[in-house]
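Protein sequences, first through last, are from chains A and B. Quick note, the first sequence lines up with residues 30 to 426 if you use the working numbering. Quick note, the second sequence lines up with residues 30 to 426 if you use the working numbering.
Derived from the structure by calculation, the hints contain no laboratory data. Cβ atoms here follow ideal geometry from the backbone N, Cα and C, with glycine treated the same way. Errors might be hidden in some of the hints.
[Claimed, not checked] Covered stretches of chain A, as calculated for chain B (at least 3 residues, CB under 8 Å):
#: 1; region: 96–105
#: 2; region: 148–160
#: 3; region: 224–236
#: 4; region: 393–400
[What the hints assert, rightly or not] Label-pair restraints from in silico Cβ distances:
#: 5; chain 1: A; residue 1: A73; chain 2: B; residue 2: K280; range: 56 to 62 Å
#: 6; chain 1: B; residue 1: L422; chain 2: A; residue 2: L422; range: 23 to 29 Å
#: 7; chain 1: A; residue 1: N418; chain 2: B; residue 2: A169; range: 31 to 37 Å
#: 8; chain 1: B; residue 1: K280; chain 2: A; residue 2: D376; range: 40 to 46 Å
#: 9; chain 1: B; residue 1: E56; chain 2: A; residue 2: G66; range: 44 to 50 Å
#: 10; chain 1: A; residue 1: D65; chain 2: B; residue 2: A169; range: 53 to 59 Å
#: 11; chain 1: B; residue 1: N418; chain 2: A; residue 2: D108; range: 54 to 60 Å
#: 12; chain 1: B; residue 1: T167; chain 2: A; residue 2: L422; range: 40 to 46 Å
#: 13; chain 1: A; residue 1: D350; chain 2: B; residue 2: T111; range: 47 to 53 Å
#: 14; chain 1: A; residue 1: Q121; chain 2: B; residue 2: L422; range: 41 to 47 Å
#: 15; chain 1: A; residue 1: P308; chain 2: B; residue 2: G316; range: 37 to 43 Å
#: 16; chain 1: B; residue 1: P64; chain 2: A; residue 2: D376; range: 38 to 44 Å
#: 17; chain 1: B; residue 1: K311; chain 2: A; residue 2: Q196; range: 54 to 60 Å
There are 2 protein chains.
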Amino acid sequence: MTTLIRGCRPWGGTICDVLVRDGRIAERGSGLAAPDGATVIDGAGQMLLPGLVDAHTHLDKTLLGTPWHPHSAGERLIDLITNERRVLSELQLDPALQSRRMVHHMLERGTTRIRSHVDIGTDIALRHFHGVAETRETCADLAAIQIVAFPQTGMMILPGVADLMEQAVKEGAEVIGGLDPVGIDRDPRGQLDAVFAIAGRHGCEIDIHLHDLGEMGAITIEMMAERTAALGLKGKATVSHGFCLGDVDEKRLEGLIGLLLENDIAIATCGAGHYPIPPILKLRAAGVRMSAGSDGVRDAWGPLNNGDMLERAYQLAWHGDTRDDPGIETMLELATQGGAQAMGATDYGLDVGNRADLVLVAGETAAEAVCYHPPREMVMTGGRIVVENGVSLLEPI
Amino acid sequence: MTTLIRGCRPWGGTICDVLVRDGRIAERGSGLAAPDGATVIDGAGQMLLPGLVDAHTHLDKTLLGTPWHPHSAGERLIDLITNERRVLSELQLDPALQSRRMVHHMLERGTTRIRSHVDIGTDIALRHFHGVAETRETCADLAAIQIVAFPQTGMMILPGVADLMEQAVKEGAEVIGGLDPVGIDRDPRGQLDAVFAIAGRHGCEIDIHLHDLGEMGAITIEMMAERTAALGLKGKATVSHGFCLGDVDEKRLEGLIGLLLENDIAIATCGAGHYPIPPILKLRAAGVRMSAGSDGVRDAWGPLNNGDMLERAYQLAWHGDTRDDPGIETMLELATQGGAQAMGATDYGLDVGNRADLVLVAGETAAEAVCYHPPREMVMTGGRIVVENGVSLLEPI
């Protein structure tokens with residue numbers, strides 16, 4: 030299938046035409062002729078973005094596609110965890126179906142690559158993992174999905190979870206996860222030793238949820254850095270959320286940034302209006318790799334995340350009162366290239382030869398597209414058009 | 030013109046039909062027959078909301094309709110004020126045209142009532158005021174607009190501004206404004222005496238921008254309360270922004286809430302991701318009147334505000350991590366009834382007899398509509414349909 034997108038602005042630059050052939054970007058230029066039989070799309074001077082990348086979400090637990098479920102949890106992290114288990118067990122949802130629904134939901138908003146944390150626990154064993162792994166296959170042409178084996182209910186406090194997580198890695202989870210080694214497990218040495226040992230044995234990536242604030246979070250990053258260095262895992266680890274980086278004082282932050290750089294530890298942020306979040310512009314200026322994610326979308330943790338990564342870039346700008354164009358553009362970079370790099374993509378972006386994951390959206394500049402995050406006019410994944418004239422072509426699930 | 034909206038959910042309730050005749054809500058019920066010649070709209074089970082209300086914006090200064098203007102100001106309040114004057118004088122925009130553009134922009138997003146602060150200064154005199162007053166007339170059928178005479182560049186520090194502001198009130202500004210009496214004028218006694226005296230003389234409302242944090246803001250609220258009581262202006266004053274209410278300690282806050290209630294001083298909030306904002310749920314529970322606004326939309330202050338009040342309700346929920354349905358619904362109340370009340374509307378809401386300012390939007394519940402804030406499917410103002418099937422029927426300006 031060949032498609033010519035006429036008159037669009039790749040990343041807000043000069044207007045040009047983009048030819049897509051065999052699922053790849055074949056040519057960029059002005060006045061390109063449409064090959065015989067090619068579909069022609071009028072870019073109408075709109076922004077052409079590479080497919081958005083959601084580098085931190087939870088595909089297995091969304092309530093999308095079910096009737097609206099009023100949020101019912103208390104406010105503490107542990108209330109949210111317990112409540113979710115109750116809701117999911119009451120609703121008896123199928124993780125394969127739910128994750129497929131969410132992939133479609135995200136695709137309709139322009140997201141073509143997704144790193145999903147997937148719950149693993151002694152109660153559910155590998156059921157969620159198998160469901161999302163199934164979706165990773167069934168949706169392989171639509172979106173690139175990475176799975177993080179994630180101990181939502183704790184790791185060291187529940188004997189057996191570490192083994193289940195390692196089993197998931199053996200069965201194809203690309204990343205080993207973790208969760209507040211101090212705050213949840215109360216055993217940072219135990220959890221981090223176990224997680225890094227699994228990564229060492231299987232050569233997988235590491236991505237640890239770190240909500241712990243202040244020194245609790247800071248010592249966790251120090252311990253991650255020590256283990257990264259000791260096991261030769263430089264460039265393999267990611268800290269998700271990392272609220273502590275927005276919470277410690279300037280001097281402590283400088284030290285932590287040094288450790289992140291030395292060990293090439295990346296940061297994934299989801300924003301979060303009421304928490305301190307990592308100081309994005311400062312970390313990026315220092316050279317720290319960063320990506321962005323939606324976190325859980327309409328799930329038992331609450332309904333505030335809606336799975337739109339262009340809007341999430343806006344939320345990141347809003348959080349730090351970033352008003353200048355280069356700063357706003359940085360937020361979009363987190364939601365595109367930053368995420369693709371975090372996922373190890375090698376064929377990503379708007380250059381010729383890359384996979385044709387493309388989004389058309391109203392706007393003259395990256396900053397404008399972020400600030401208005403209007404509905405996606407066109408979404409293409411691997412050369413296949415899934416949203417046309419703002420209307421989804423995907424079958425409802 | 031008669032319109033029957035079939036099968037919608039007023040404020041997320043049970044599905045019913047709504048009949049609109051002569052610009053008013055004429056009937057609500059199930060299985061209503063369409064009168065001869067009536068336009069019939071398929072509500073498709075969507076939410077029906079009353080027109081959104083933007084209780085704090087700046088119609089006169091938007092750059093909407095002009096090419097994207099990269100943000101160029103420094104970070105301090107004074108940098109932003111100075112930069113704006115430079116940009117507006119360079120671009121030579123017409124406040125009447127710009128405010129009309131913004132009214133259309135807002136209407137397309139469902140906003141039918143607007144309180145706009147309008148710059149008054151010794152450099153521009155009443156030029157912006159006259160422009161927006163013109164738009165208030167030309168758009169009278171489309172949106173109810175209130176004007177606040179606003180001393181953007183300072184009041185007591187620029188001799189002549191107070192007189193110009195009073196002149197604006199004489200010429201029909203419904204509200205007398207103010208700006209950080211401590212932080213900008215360094216003369217809280219002078220500014221507040223002048224503002225309240227004008228209100229006392231003309232019986233207009235008062236609405237003061239208060240960005241000043243901590244005690245600087247708190248003493249300003251105390252001084253507003255004193256003058257409200259002394260001049261018998263209970264129920265006439267609004268504090269806009271009021272960041273200090275999110276910044277002082279619990280005990281100080283309780284005292285300030287007491288003053289707000291005693292003098293029926295209202296609060297208008299625009300959110301603001303990086304500032305403390307008034308604790309909405311706490312203030313509302315105490316009985317403080319509250320409304321919400323977009324603040325300036327795509328202007329020289331920055332591009333982050335986009336003029337969508339349904340999304341702004343979401344931003345307010347996001348800011349305080351409000352995840353429960355009643356809490357999220359409260360944010361929507363600020364952007365609807367709360368704003369209408371702030372503007373003194375007497376024919377507002379979804380009940381029979383009120384002006385037919387109506388918005389159809391996908392969603393089963395108020396919380397769902399807020400969290401997704403999808404494009405408006407239908408917008409009606411005074412019975413006139415201005416957005417149909419998601420497409421604006423307004424002439425481009």
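Status of the hints after comparison with the structure:
1. 96–105: The restraint on the region 96–105 of chain A holds, since 6 of its residues have a Cβ under 8 Å from chain B and three suffice.
2. 148–160: As far as the region 148–160 of chain A goes, the hint is violated, because 0 residues have Cβ atoms under 8 Å from chain B.
3. 224–236: Contact hint for the region 224–236 of chain A vs chain B: violated, 0 residues under 8 Å.
4. 393–400: The restraint on the region 393–400 of chain A holds, since 5 of its residues have a Cβ under 8 Å from chain B and three suffice.
5. A73(A) to K280(B): 56 to 62 Å: holds (57 Å)
6. L422(B) to L422(A): 23 to 29 Å: Holds - the Cβ-Cβ distance for L422(B) and L422(A), about 27 Å, lies within 23 to 29 Å.
7. N418(A) to A169(B): 31 to 37 Å: With Cβ atoms ~35 Å apart, the hint holds.
8. K280(B) to D376(A): 40 to 46 Å: Given range 40 to 46 Å: violated, Cβ gap about 59 Å.
9. E56(B) to G66(A): 44 to 50 Å: Hint violated: Cβ distance 55 Å, outside 44 to 50 Å.
10. D65(A) to A169(B): 53 to 59 Å: holds (56 Å)
11. N418(B) to D108(A): 54 to 60 Å: violated (42 Å)
12. T167(B) to L422(A): 40 to 46 Å: At roughly 42 Å between Cβ atoms, L422(A) and T167(B) fall inside 40 to 46 Å, so the hint holds.
13. D350(A) to T111(B): 47 to 53 Å: violated (18 Å)
14. Q121(A) to L422(B): 41 to 47 Å: Since Q121(A) and L422(B) have Cβ atoms about 45 Å apart, the given range 41 to 47 Å holds.
15. P308(A) to G316(B): 37 to 43 Å: holds (38 Å)
16. P64(B) to D376(A): 38 to 44 Å: For P64(B) and D376(A) the Cβ distance comes to about 60 Å; the hint is violated.
17. K311(B) to Q196(A): 54 to 60 Å: Distance hint for K311(B), Q196(A) is violated at roughly 47 Å.
In summary, the numbered hints that this structure violates are 2, 3, 8, 9, 11, 13, 16 and 17.
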